[in-house]
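Chemist: Sequence:
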Amino acid sequence: MQDSLKAPAAFGRKKRRYRSLSFKVTRSVAISCILLGMLILVISITMYALILKRDYEHVASNEAKQVAVSVRHATEYELLTGQILSAYASSTQSNPEYGNGESHQTLTEILQGRPYNTLKGMLEYYCSSADVSNVSVAAPDPQTRDLIVVVDAGGKVTQNPGERKNVSAAFLSAFHSWNKEGELLQYRFVQGDGMVCTVGVPVANEQGRIVAYLFVDMAMRDLLAELSKFAVSITLAILLVTALITWIHTRWMRKAVVDPINAIAGAAQTYVSDKRSGSKESDHFSKLGIHTGDEVENLSLTMADMESDLLEIEKELTTATAENERISTELDMARRIQAESLPNIFPPFPERKDFEIFASMHPAKEVGGDFYDFFLLDEDHLGLVIAD
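379 is the number that my numbering gives to position 379 of the sequence shown; each next residue is one higher, with no gaps.
Derived by calculation from the structure, the hints in this document are not laboratory data.
Worth double-checking, as some hints may not be accurate.
[What the hints assert, rightly or not] When the alpha-carbon atoms are kept at most 35 Å apart in a straight line, the in silico DSBU-like pairs for lysine-lysine are as follows:
| hint | residue 1 | residue 2 |
| --- | --- | --- |
| 1 | K24 | K287 |
| 2 | K65 | K287 |
| 3 | K315 | K287 |
| 4 | K24 | K255 |
| 5 | K255 | K229 |
| 6 | K53 | K255 |
| 7 | K315 | K353 |
| 8 | K24 | K156 |
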């Protein structure tokens, strides 16, 4: 009785676990799609950033080359560069701090001259009309190997001519290791402009000798803004696709797996209930009609076969039980007949006091093969019969 009461509770626990399969499928699909979406997002942003970076480098390089051509043909940059380097050399020999005395007077005269103002005006106009944050012309000092500013225009923080160009040690090392062919590309952080792409190109005179170097700084604000817009767009797209794929796949999984399994579980529960109530229903699983073409359909067919086999076993058990009951009844009747055919009243001759007689037979099973009897032949003789 206790086992029959516990069975429905155990079945109910199993049923609750089956119902949670839909949630597990949804969660698994959603997590898989999110992880795949994150991977696609990282790859897409990385590839888009590399494309934008290459485009910015191409634009900055073209801008630098165009300005270099203008500087070469429209200004007296060679004269101005020589004057700045000469003033810088004389100042470092007389005063390492540079900016006092005769060298200062010489620099002041240079800054008031036509070559400097022409070049500075052209670079300032270029900065205001083009998408660049700073343009500068510098030349390396042959003695100190420092980059000396010739003109610095357009930036939020500019340097004066004759000063060492404010660059990092890594940039200066890259400049000295540069083969002076093509352009020098460097990414660095500039206060006020943030991350900038610096492109350097050599400026040569008519004889082909490199006189100075033109540096163009292009702020990466637009690139970062475009990258942020792209990241937001691709994130929203991935979330939308993830939700759509999750919904479609969950519906498919529910139709192909969850609902058939729940149907099998419900048929099993109905089967148990019908057996307990004595119903003769015998096609609980075969009438489900599951045709998924996979293990779920195989499970349904297996359960239908099991129900059919159990029905056959039940019939065989019923037949065997009836036969056993018939045999048991016949044996019991034979036992009673045998017991009644033997003397069972003792003492059999109560009037005789000269002897006593008792007998019993105990068969090993229901019916034995032994027999006994006794009777008086006359007043003086007793007959005994014992048979095996």
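Chemist: Sort out which numbered hints this structure fails and list those numbers smallest first.
Modeler: 2, 5, 6, 7 and 8
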